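> With the sequences and hints as input, model every part of the structure.
Residue numbers (the working numbering), protein chains in the order written: chain A, 1 to 275; chain B, 1 to 426.
Just so you know, these hints were derived from the structure itself, not from any lab. This structure is a prediction, so every number in the text was calculated from the model and none was measured. One should not assume that every hint holds.
[What the hints assert, rightly or not] Chain A regions said to be covered by chain B (calculated; three or more residues, Cβ under 8 angstroms):
hint	region
1	9-22
2	37-50
3	195-203
4	211-221
5	230-243
[What the hints assert, rightly or not] Below, simulated SDA-like cross-link-like pairs (lysine to any residue); rule was C-alpha separation at most 25 angstroms, straight line:
hint	chain 1	residue 1	chain 2	residue 2
6	B	398	A	235
7	B	215	A	92
8	B	398	B	130
9	B	215	A	225
10	B	377	B	353
11	B	215	A	205
12	B	377	A	233
13	A	240	B	109
14	A	240	A	175
15	B	215	A	117
16	B	398	B	9
17	B	215	A	233
18	A	240	B	54
19	B	377	A	56
20	B	215	A	134
21	B	398	B	111
22	B	398	A	234
23	B	377	B	357
24	B	377	B	132
25	A	240	A	101
26	B	377	B	367
27	B	215	A	207
28	B	377	A	207
29	B	398	A	92
30	B	215	A	137
31	B	9	B	80
32	A	240	B	22
33	B	377	A	175
34	B	377	A	201
35	B	9	A	225
36	A	240	B	98
37	B	215	A	141
38	B	215	A	209
39	B	9	A	236
40	B	215	B	273
Virtual Cβ for every residue (Gly too), placed ideally from N, Cα, C.
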Amino acid sequence: MTGFAREALLHWISVGLYVAATAAFANAVLFVQPRRTRWGVLAAGLGLLPHGAAIVLRWISSGHGPYMLRYEVLSSNAFIAVVALLLFLWRRPGWAALALVVLPAAVLMIGTGLFSNPEIRQLPPTLRSTWLVFHISFAKLAAASFLLSTASAVFLLMKERKHRAPWLARLPSAEALDAYVVRFVGFGFLFWTMAVAAGAIWAHQSWGRYWGWDPIETWSLISLLVYGTFLHLRTFFHLKAAAIAWLSIACFAIFTLTAMLLPFLMPSLHSAYFQ
Amino acid sequence: MSGTLTTLKRDLRSPRLIVGELLAIVAASVVHTIVPQVAEPSIARHLAVDHPWWARVMRAVGLDHVFASPIFLAALLLTSLSLGIVLVEQWRRLARVWSVQLTEGSFRSAPYRREIERPGHGTGARATFRTTGRVGLLGSPVFHLGLMTIVVAGLVQWLFSAEAIAELIEGETLASSGWSSVEAVTGPFASPFRLTEPVRLDQLEPSRYSEGSLKGLSARIRVGERPLVVAINAPLELNGRTLYLGSVHGPTALVELAVDGHAERLALLLRDASGDEYAGSWVGPGGLQLLVRGRLGADGALPSRLEVRLLRGGGLLFVGSLLPGQGVEVGGGIHLDLAGVRYWAVFRGTRDASTGIAFAGFVLAALGAVLMFAVVKVDTAVVVRPGTSGERVLVALKANRFPALFAERFERLVRQVAERDGARGR
Ligand code: HEM
Numbered sequence: 001m002t003g004f005a006r007e008a009l010l011h012w013i014s015v016g017l018y019v020a021a022t023a024a025f026a027n028a029v030l031f032v033q034p035r036r037t038r039w040g041v042l043a044a045g046l047g048l049l050p051h052g053a054a055i056v057l058r059w060i061s062s063g064h065g066p067y068m069l070r071y072e073v074l075s076s077n078a079f080i081a082v083v084a085l086l087l088f089l090w091r092r093p094g095w096a097a098l099a100l101v102v103l104p105a106a107v108l109m110i111g112t113g114l115f116s117n118p119e120i121r122q123l124p125p126t127l128r129s130t131w132l133v134f135h136i137s138f139a140k141l142a143a144a145s146f147l148l149s150t151a152s153a154v155f156l157l158m159k160e161r162k163h164r165a166p167w168l169a170r171l172p173s174a175e176a177l178d179a180y181v182v183r184f185v186g187f188g189f190l191f192w193t194m195a196v197a198a199g200a201i202w203a204h205q206s207w208g209r210y211w212g213w214d215p216i217e218t219w220s221l222i223s224l225l226v227y228g229t230f231l232h233l234r235t236f237f238h239l240k241a242a243a244i245a246w247l248s249i250a251c252f253a254i255f256t257l258t259a260m261l262l263p264f265l266m267p268s269l270h271s272a273y274f275q
Numbered sequence: 001m002s003g004t005l006t007t008l009k010r011d012l013r014s015p016r017l018i019v020g021e022l023l024a025i026v027a028a029s030v031v032h033t034i035v036p037q038v039a040e041p042s043i044a045r046h047l048a049v050d051h052p053w054w055a056r057v058m059r060a061v062g063l064d065h066v067f068a069s070p071i072f073l074a075a076l077l078l079t080s081l082s083l084g085i086v087l088v089e090q091w092r093r094l095a096r097v098w099s100v101q102l103t104e105g106s107f108r109s110a111p112y113r114r115e116i117e118r119p120g121h122g123t124g125a126r127a128t129f130r131t132t133g134r135v136g137l138l139g140s141p142v143f144h145l146g147l148m149t150i151v152v153a154g155l156v157q158w159l160f161s162a163e164a165i166a167e168l169i170e171g172e173t174l175a176s177s178g179w180s181s182v183e184a185v186t187g188p189f190a191s192p193f194r195l196t197e198p199v200r201l202d203q204l205e206p207s208r209y210s211e212g213s214l215k216g217l218s219a220r221i222r223v224g225e226r227p228l229v230v231a232i233n234a235p236l237e238l239n240g241r242t243l244y245l246g247s248v249h250g251p252t253a254l255v256e257l258a259v260d261g262h263a264e265r266l267a268l269l270l271r272d273a274s275g276d277e278y279a280g281s282w283v284g285p286g287g288l289q290l291l292v293r294g295r296l297g298a299d300g301a302l303p304s305r306l307e308v309r310l311l312r313g314g315g316l317l318f319v320g321s322l323l324p325g326q327g328v329e330v331g332g333g334i335h336l337d338l339a340g341v342r343y344w345a346v347f348r349g350t351r352d353a354s355t356g357i358a359f360a361g362f363v364l365a366a367l368g369a370v371l372m373f374a375v376v377k378v379d380t381a382v383v384v385r386p387g388t389s390g391e392r393v394l395v396a397l398k399a400n401r402f403p404a405l406f407a408e409r410f411e412r413l414v415r416q417v418a419e420r421d422g423a424r425g426r
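Put into structure tokens, the structure is as follows:
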């Protein structure tokens, strides 16, 4: 079996476990069986093992962390999102419904990654820097936080509907969901601020300038400003919970565009590393 | 007069204006990435040819130089003024509320308030107030101070910084004033970039992965008489200037061309043409044209031989592969010598007083963001009064953000107070 075939197999096993975990969480949430969330947590936790092993194997064979190819980036983002979900559920077991958004998103990311070009690319010299570790780690943590905020927003919208499914009563109150939308945006905002700041310091070391209005740099600033605007709107005006939820989903769309799509589409100093 | 100033301040602090300012910067940034800017002349030229009407409109509105357009600069100025006013207000408010003494009245409208009865008869009425996470109050002021610092850094950079690039061949010395003015950027109040001493490139040392792509690049240089090393990601600080090595480099063909006894020494920088192939050309008097190309070795080593073509008026005079040190008699009084092959590399020099300010801004913004979202100030009150059969205790909690998320903590506090642990040791 080739190196990539082994990684793909491990990824598909983790996809299977995440799908099983989603089913278990759905069962627990929809049929109001909180004890069954244990099975969801167990399946998702088991899924992390082959998933983590695939990432480690790739790390060893490529000689660098998961940040060069779409396949590596998406797989590691999915990993962090599932870890963040399980950590959060450990502290707040009542929030099992979040898994119904986060796990399918993780499966989608892994699937998209597996169908992209997996050919190993070596790290260009500018990427061989300690700042890369900070830049990438904070960006991934930001992505996980924004995803959790989007999941909270989706449930908030479902809860706000007139005819809502009975299982939604199991979810935390609309006020708590609303607070979590903003709290997760807050965490994402702080991680994204750190990712941008670390990137700027690194750009200064590599390219001789801390800011160069490169398209991906500019879009990362746009995402930060858009989330900043969202936080201002929420602080300044008494917006309805549904408006907050929709706005946070729109912000996430822009963030996804910046972090997941544009680097593969726009000619930029950054995209040279992702294609 | 003071009335006008107050109105102006109030207007600049208006939430709608602040949101509008942020959206204006977002819009300008989006335009910058999707509309070809004049700084990219080749794309702009295409646009002018393919869509002349659209190109004219964009120029008129300033969309093709958006960050230098009067509309954007006005928005930026307005944003800075709003930010300045908000900062003063935030820090003043912080000084006021930092050490405010809590009283029972502070909890009148607390989202969590409950009166409970518990057995026992204490020593009369007593109240305990506690605050945790007070540093969270610093979050927004520190974050916005960071933003302001970054704006100041941008201004300082634009006005006072200078940068330039230089292409150096191994063995070549660049005079301190010899930096190219072609791609130089010099601020309105800055003098053109120059180093205080000449720089000589002694040796370029690229390293490659086994499959051939570039792994690292460093250069042994001499600044004045001092031997130093500069590498990608390891710039050199030289008397307030910074010297960088980029990753762009290639072979140089050192050619001696003698025409009718008149010798010309040429240094042709061969640039990345495709894959590992590097190519360069020279056009001389009398329609003479020299084309040189070669491939780097599998390990990225300099080409062991180069393909050389010499033309006159389009007619081929010579084509052949030459080893370094090899010469040929072309005929017609022309002699061609490939004297040697060496590396060339691009160096970049900057003199930027804003770096320290910008880094301070990044640190403040990051610290402010952490304080803003990872620390929440929570005030609690436990007020005990003697009751008819025991004690009546008021328990209250208020958080300065996300109040909905503190229900559990409040219930814990109530339980502790009911069991007296909450009051213990206070
Ligand atoms: C035009 C410049 C700006 C002004 C005048 C401004 C003003 C304000 C004000 C008045 C607040 C309310 C909080 C308080 O009073 O302490 C606030 C909060 C905030 N601002 Fe700004 N701001 C500006 C730019 C920005 C930018 C560029 C960002 C980030 C991209 C940002 C991010 C935030 C955040 C995260 C909050 C906290 C929101 C919350 O409490 O959840 N601000 N800002």
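> CA of residue 377 of chain B to CA of residue 175 of chain A, is that 25 angstroms or under?
Since the Cα atoms of residue 377 of chain B and residue 175 of chain A sit roughly 19 angstroms apart, the hinted pair holds (cutoff 25 angstroms).
> Between residue 9 of chain B and residue 80 of chain B, does the CA-CA distance stay at or below 25 angstroms?
holds, 13 angstroms
> Going straight from one Cα to the other, do residue 9 of chain B and residue 236 of chain A come out at no more than 25 angstroms?
Measuring from Cα to Cα gives roughly 17 angstroms; hence the hint holds.
> Keeping to a limit of 25 angstroms between CA atoms, is the pair of residue 377 of chain B and residue 233 of chain A held or broken?
holds, 21 angstroms
> Are the Cα atoms of residue 240 of chain A and residue 109 of chain B separated by 25 angstroms or less?
holds, 22 angstroms
> Count the residues of the region 230-243 of chain A with a beta-carbon closer than 8 angstroms to any beta-carbon of chain B: does the count reach three?
Three-residue rule met by the region 230-243 of chain A, so holds; n is 4.
> Hey, residue 398 of chain B versus residue 130 of chain B, does the alpha-carbon distance stay inside 25 angstroms?
holds, 11 angstroms
> When I compare C-beta atoms, does the region 9-22 of chain A have three or more residues closer than 8 angstroms to chain B?
violated (count 0)
> Need the status of pair residue 377 of chain B, residue 367 of chain B: alpha-carbon distance at most 25 angstroms?
Answer holds: residue 377 of chain B to residue 367 of chain B is near 16 angstroms, not above 25 angstroms.
> Can you confirm whether the C-alpha distance between residue 398 of chain B and residue 92 of chain A stays at or below 25 angstroms?
holds, 21 angstroms
> Taken at face value, is the distance from the CA of residue 175 of chain A to the CA of residue 240 of chain A at most 25 angstroms?
holds, 11 angstroms
> Check the hint pairing residue 215 of chain B with residue 137 of chain A against an upper bound of 25 angstroms on the C-alpha distance.
Given that 25 angstroms is the threshold and the Cα spacing comes to 22 angstroms, the pair holds.
Hint violations for this structure: numbers 1, 2, 7, 9, 10, 16, 17, 18, 19, 23, 28, 34, 36, 37, all remaining hints satisfied.
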